[in-house]
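Everything in the first sequence is counted per my numbering, starting at 1 for the first residue and increasing by one.
Any given hint might turn out to be false.
Unchecked claim - Simulated pairs of lysine to aspartate or glutamate, EDC-like, Cα-Cα distance not exceeding 16 Å:
{"#": "1", "residue 1": "LYS91", "residue 2": "GLU70"}
{"#": "2", "residue 1": "LYS197", "residue 2": "GLU247"}
{"#": "3", "residue 1": "LYS254", "residue 2": "GLU361"}
{"#": "4", "residue 1": "LYS303", "residue 2": "ASP331"}
{"#": "5", "residue 1": "LYS243", "residue 2": "ASP194"}
{"#": "6", "residue 1": "LYS24", "residue 2": "GLU76"}
{"#": "7", "residue 1": "LYS91", "residue 2": "ASP42"}
As the list claims (entries may be wrong) - Label-pair distances were calculated between CB atoms; the ranges are:
{"#": "8", "residue 1": "GLU59", "residue 2": "SER599", "range": "25 to 33 Å"}
{"#": "9", "residue 1": "ASP571", "residue 2": "ASP368", "range": "30 to 38 Å"}
{"#": "10", "residue 1": "LYS321", "residue 2": "THR299", "range": "34 to 42 Å"}
{"#": "11", "residue 1": "GLU302", "residue 2": "THR32", "range": "55 to 63 Å"}
Source of the hints: derived by calculation from the structure; they are not laboratory data. For clarity, every value in this text was computed on a predicted model and none was experimentally measured. Each residue gets a CB set at the ideal place from its N, CA and C atoms; glycine is no exception.
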Amino acid sequence: MSPTPQTNNPWNAAAELVIQLLVKVASTDSETVRKYIEIPPDPDLGDIASTVSFRLAKELKKSPAAIATEITQSLEKEAKKEPLLDRIVAKGPYINFFFDREEFARRVVSEVCKINATYGMTEEFKGTRALIESPAVNPSKPWHIGHARNAILGDTLANILESVGFEVVRIDYINDLGLQIAQLTWKIMHDDVDLAKVSEKMDHFLGHLYVEVQKVTENDSGVENEIREITRRLEDLNSEEAKRSAEMVTLCLKAQCQTAYRLGIYKNYQIWESSIAHSGLLQTAKDLMLQAENILELTEGEKKGCIVANLAAMEEFKDMKDPHKVLFRSDGTRTYTGADVAFQMWKFGVIKDPFHYSVFEEQANGEDVYRTALDGSDRNLGGFDIVYNVIASAQAHPQRLIYTILDLLGHHEQSLNSHHVAYEFVGLEDADFSGRKGTWIGYSTDDVLDKATELAKEEVAKRNPDESNEFKEIVGAKVGTGAVRYFMLKASPDRKITFRWDEALDFNGDAAPYLQYSFARAQRILEKTGMEPTGKAELTLLSSEVEFALVKAIARFPEEILEVVRGLKKDVWGTSFSSNRITGYCYELATLFSKFYDSCPVLKAEPKTRAARLELVSAFRITMGNCLRILGIPVVEKM
RNA sequence: GGGCGCGUAGUCUAGUCUGGAUAGGGCACCAGCCUUCGAAGCUGGGCGUCCCAGGUUCAAAUCCUGGCGCGCCCGCCA
1 MSPTPQTNNP WNAAAELVIQ LLVKVASTDS ETVRKYIEIP PDPDLGDIAS TVSFRLAKEL
61 KKSPAAIATE ITQSLEKEAK KEPLLDRIVA KGPYINFFFD REEFARRVVS EVCKINATYG
121 MTEEFKGTRA LIESPAVNPS KPWHIGHARN AILGDTLANI LESVGFEVVR IDYINDLGLQ
181 IAQLTWKIMH DDVDLAKVSE KMDHFLGHLY VEVQKVTEND SGVENEIREI TRRLEDLNSE
241 EAKRSAEMVT LCLKAQCQTA YRLGIYKNYQ IWESSIAHSG LLQTAKDLML QAENILELTE
301 GEKKGCIVAN LAAMEEFKDM KDPHKVLFRS DGTRTYTGAD VAFQMWKFGV IKDPFHYSVF
361 EEQANGEDVY RTALDGSDRN LGGFDIVYNV IASAQAHPQR LIYTILDLLG HHEQSLNSHH
421 VAYEFVGLED ADFSGRKGTW IGYSTDDVLD KATELAKEEV AKRNPDESNE FKEIVGAKVG
481 TGAVRYFMLK ASPDRKITFR WDEALDFNGD AAPYLQYSFA RAQRILEKTG MEPTGKAELT
541 LLSSEVEFAL VKAIARFPEE ILEVVRGLKK DVWGTSFSSN RITGYCYELA TLFSKFYDSC
601 PVLKAEPKTR AARLELVSAF RITMGNCLRI LGIPVVEKM
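Please build the complete structure, drawing on both the sequences and the hints.
Now the structure itself:
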């Protein structure tokens with residue numbers, strides 16, 4: 001099964017051509033050859049290379065270098081017939097292929113200019129329905145920058161999946177029944193706070209209030225009892241507590257959404273915990289669970305009366321103190337694990353959608369986000385093929401439990417298609433973020449975006465003194481938020497980020513403004529010519545070292561995206577998402593354009609060269625623009 | 001006790017899954033480049049026990065074994 005070369009994936013098409021040639025003479029199959037294809041470390045060595053001679057050395061009982069020479073010689077004729085290839089050179093054991101620069105440039109640049117906005121989009125995963133859940137911040141505080149990491153990773157993953165053909169639904173989980181909510185409800189009722197009169201952004205107001213609550217509850221067991229009582233009364237939707245709580249949560253969530261919109265993050269649905277509690281989902285799940293062999297109600301011991309999953313047989317949980325994982329407590333209430341399993345069953349359509357939906361609000365992009373509600377329309381959501389939960393690495397164990405229990409319930413495929421997209425925390429040099437202690441204060445996502453925007457605006461103003469203040473505001477915001485998004489994406493998700501202002505707000509070098517700047521420079525060149533790409537230029541003139549390097553980078557774009565998606569492999573303890581690979585690609589693309597910009601004048605070149613270079617600039621602009629959109633980094637035409 | 005992740009120049013980091021050519025970048029530092037499409041840029045330079053010790057291999061930052069250091073996780077909690 002060899003992937004058919006796609007015209008919208010020029011690098012893959014070229015690589016496949018090389019593979020097919022090698023198969024003809026290397027006495028092995030294309031799958032094997034494909035494994036021994038690589039990009040040489042130095043472009044002087046070749047454009048694409050094969051190390052298949054190492055592999056063949058043993059069976060042929062010849063030295064790799066001799067094999068490479070033989071293969072190269074027998075391919076000489078073929079190479080001459082193939083317009084895309086210039087020459088093949090054996091260097092020691094390596095078989096190095098040089099593309100015909102003129103022909104490669106012609107194919108790539110004309111193709112990119114033709115398909116324009118869809119360049120980078122492929123259909124390898126067409127028809128798969130994916131659900132992405134992120135970031136599930138409690139609606140009781142502002143996002144700190146760790147939450148932003150989650151939200152940005154989730155949003156970018158969704159963009160990437162969409163670009164390779166997935167049908168993606170983005171949801172957020174709203175825990176409006178947690179302890180934090182009960183504590184805050186107690187506080188606003190106790191102090192009789194009128195939320196309508198609060199002028200501070202609501203999530204920040206509550207975040208500060210929460211720190212105060214902690215101080216009170218820490219050494220007052222009476223308060224603790226009062227809060228327990230509130231938790232109980234919140235279950236009754238008609239109680240005063242439930243009404244005050246709902247008002248508070250809604251206002252807080254709307255405030256949090258404002259932060260998300262600043263980052264260009266939008267959702268399709270919010271699933272509220274209170275809806276789950278009142279939907280019958282848990283009861284349905286419980287009934288289904290009890291039919292499974294390894295899920296049972298214990299009749300003796302410490303956990304008498306609990307409904308538990310028996311994990312004794314599972315290798316990865318053999319070190320648990322007690323292999324009986326509680327799903328429903330002896331008083332009948334669900335544990336987090338129990339609720340999560342039920343929720344995961346809903347996602348896959350194992351349980352029919354019991355929710356009603358109503359519009360929560362119109363988002364900043366003009367699209368409505370729906371929330372689960374008691375009254376509202378049926379939408380029959382669920383039944384997804386694959387589910388991505390973006391959650392901190394620290395949750396690897398509980399996530400694994402959920403997927404394992406799903407398997408115990410007989411939903412093997414669904415278990416395999418459950419992905420924990422894991423990422424490490426963002427912390428400070430001397431502290432981790434804690435809502436309890438309030439260490440997030442000063443490091444909320446809003447704070448960081450504010451500072452980034454302000455700094456960017458200053459830089460914009462310096463360079464565009466004659467522009468309007470509105471221009472400076474808008475561009476400053478785009479550059480600032482882009483910088484924050486890029487900062488979160490360029491770090492490998494499995495690496496902990498220590499947040500430092502000077503690093504996060506460094507607009508030079510490997511940072512978003514550099515990418516945006518390269519786009520703006522390309523934009524300016526094209527504007528000065530009236531954006532004229534004629535489609536008639538002699539693209540074969542694009543053969544200099546720097547021009548060709550840029551062409552090759554442009555050609556790799558679709559394959560780079562696909563590689564990231566193919567790399568989303570499920571491991572026992574999580575699924576790794578290499579967001580940093582796309583930022584790395586995007587940065588390299590910008591670097592190559594900057595070098596081209598520096599050494600290849602466009603507007604002042606000879607007419608024919610000028611026409612060809614204009615097309616290359618256009619192809620770059622398209623590729624960079626599409627890549628920035630996938631990363632969620634705002635495209636700016638002038639900065 | 002067990003599991004997971006991380007360890008690469010002053011510093012932050014890519015590459016590790018899938019072994020392959022001189023270990024790529026950013027910041028900081030030093031020296032150049034704006035009357036020529038935007039200097040948020042370009043060019044050049046110094047900076048490395050790839051945590052340690054074994055092993056496998058023609059070849060190890062990458063795979064295996066054993067250590068060391070740092071972080072996280074293993075509740076009828078939330």
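Evaluated hints:
1. LYS91 <-> GLU70: holds (12 Å)
2. LYS197 <-> GLU247: holds (13 Å)
3. LYS254 <-> GLU361: Measuring from Cα to Cα gives roughly 8 Å; hence the hint holds.
4. LYS303 <-> ASP331: It holds: about 11 Å lies between the C-alpha atoms, which stays within 16 Å.
5. LYS243 <-> ASP194: holds (13 Å)
6. LYS24 <-> GLU76: holds (12 Å)
7. LYS91 <-> ASP42: Holds. LYS91 to ASP42 sits at ~13 Å (cutoff 16 Å).
8. GLU59 <-> SER599: 25 to 33 Å: violated (47 Å)
9. ASP571 <-> ASP368: 30 to 38 Å: The hint (30 to 38 Å, Cβ to Cβ) holds, given that ASP571 and ASP368 are roughly 37 Å apart.
10. LYS321 <-> THR299: 34 to 42 Å: violated (20 Å)
11. GLU302 <-> THR32: 55 to 63 Å: holds (57 Å)
The structure is inconsistent with the numbered hints 8, 10, although it conforms to all the rest.
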